[in-house]
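> Residues per chain, in single letters:
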Amino acid sequence: KQEVTQIPAALSVPEGENLVLNCSFTDSAIYNLQWFRQDPGKGLTSLLLIQSSQREQTSGRLNASLDKSSGRSTLYIAASQPGDSATYLCALRNGGSQGNLIFGKGTKLSVKP
Amino acid sequence: EAGVVQSPRYKIIEKKQPVAFWCNPISGHNTLYWYRQNLGQGPELLIRYENEEAVDDSQLPKDRFSAERLKGVDSTLKIQPAELGDSAVYLCASSFRDYPREQYFGPGTRLTVT
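As you go down the protein sequences, you meet chains A and B in turn.
The letter at position 28 of the first sequence is residue 28 when you use my numbering, and the numbering goes up by one with no holes.
With the second sequence counted from 1, adding 113 to any position gets you my numbering.
Keep in mind that the hints were calculated from the coordinates and are not lab data.
Here the structure is a predicted model, which means the values were calculated and not measured.
Hints may be right or wrong, so weigh each one.
Claimed, not checked - Beta-carbon label-pair distances, calculated as ranges:
#, chain 1, residue 1, chain 2, residue 2, range
1, B, Lys-128, A, Ser-53, 45 to 51 Å
2, A, Ser-28, B, Lys-128, 40 to 46 Å
3, A, Asn-18, B, Lys-191, 45 to 51 Å
4, B, Glu-196, A, Lys-68, 35 to 41 Å
5, B, Lys-191, A, Tyr-76, 41 to 47 Å
6, B, Thr-227, A, Ser-28, 42 to 48 Å
7, B, Leu-183, A, Leu-19, 41 to 47 Å
Glycine is no exception: its CB is placed at the ideal position from the N, C-alpha and C atoms.
Start from the sequences, fold in the hints, and give me the full structure.
The following block contains the structure:
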């Protein structure tokens, strides 16, 4: 059974710092992996999607990497801002295109001005 | 373009009462998902629809939960009767059926059962 772990559960950094959020998984036979952002009381916003054949995806200050052999994905946030404060969730899809997303519990990020 | 729409946003009910949540997916998305998210946890899938067909409802507690997606567009998730442990955020998401099946989420309905 696929398990998704995100460590740390919470992270506090000063504004301007570069940071890395971690996501690990137990079964490397994934179809794709998505990183989401969730603001308090809100739904999930898709940030980046990486297909199993890809190594990384970039969008603005965000860069997500995928290493299936080690069962890890990272989300790199450059020059963090207070507006980046939110919970970041990774989710991966097993079992091909018809598989369902399995989520981690998230990392709650706080960026202090 | 409108995103996934859900209503109501908040609902407070007493245990044993019924409750229903409504979802309108992004136009053109064949696939619709209902998730439940408990505090401090990631979302967990309850049911997935491909058009009007429920293709995965293995995690749906069928003794009290039901769902429908008439005409393959809007969907309703119902709980009857509600229990204290049903307090959670219920999220709806949608995607195209084909590659890469990127999911887009609605704002959710926060249910409190007292």
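> Hint by hint, note whether the structure agrees.
Here's how the hints hold up against the structure:
1. B:Lys-128 <-> A:Ser-53: 45 to 51 Å: The hinted range 45 to 51 Å holds for B:Lys-128 and A:Ser-53, with Cβ atoms some 48 Å apart.
2. A:Ser-28 <-> B:Lys-128: 40 to 46 Å: Because 43 Å falls inside the window, the suggested range holds.
3. A:Asn-18 <-> B:Lys-191: 45 to 51 Å: Holds - the Cβ-Cβ distance for A:Asn-18 and B:Lys-191, about 46 Å, lies within 45 to 51 Å.
4. B:Glu-196 <-> A:Lys-68: 35 to 41 Å: Holds: the Cβ-Cβ distance is about 40 Å, inside 35 to 41 Å.
5. B:Lys-191 <-> A:Tyr-76: 41 to 47 Å: holds (42 Å)
6. B:Thr-227 <-> A:Ser-28: 42 to 48 Å: For A:Ser-28 against B:Thr-227, whose Cβ atoms are near 44 Å apart, the range 42 to 48 Å holds.
7. B:Leu-183 <-> A:Leu-19: 41 to 47 Å: With Cβ atoms ~45 Å apart, the hint holds.
Comparing the model with each numbered hint stated earlier shows that all of them hold.
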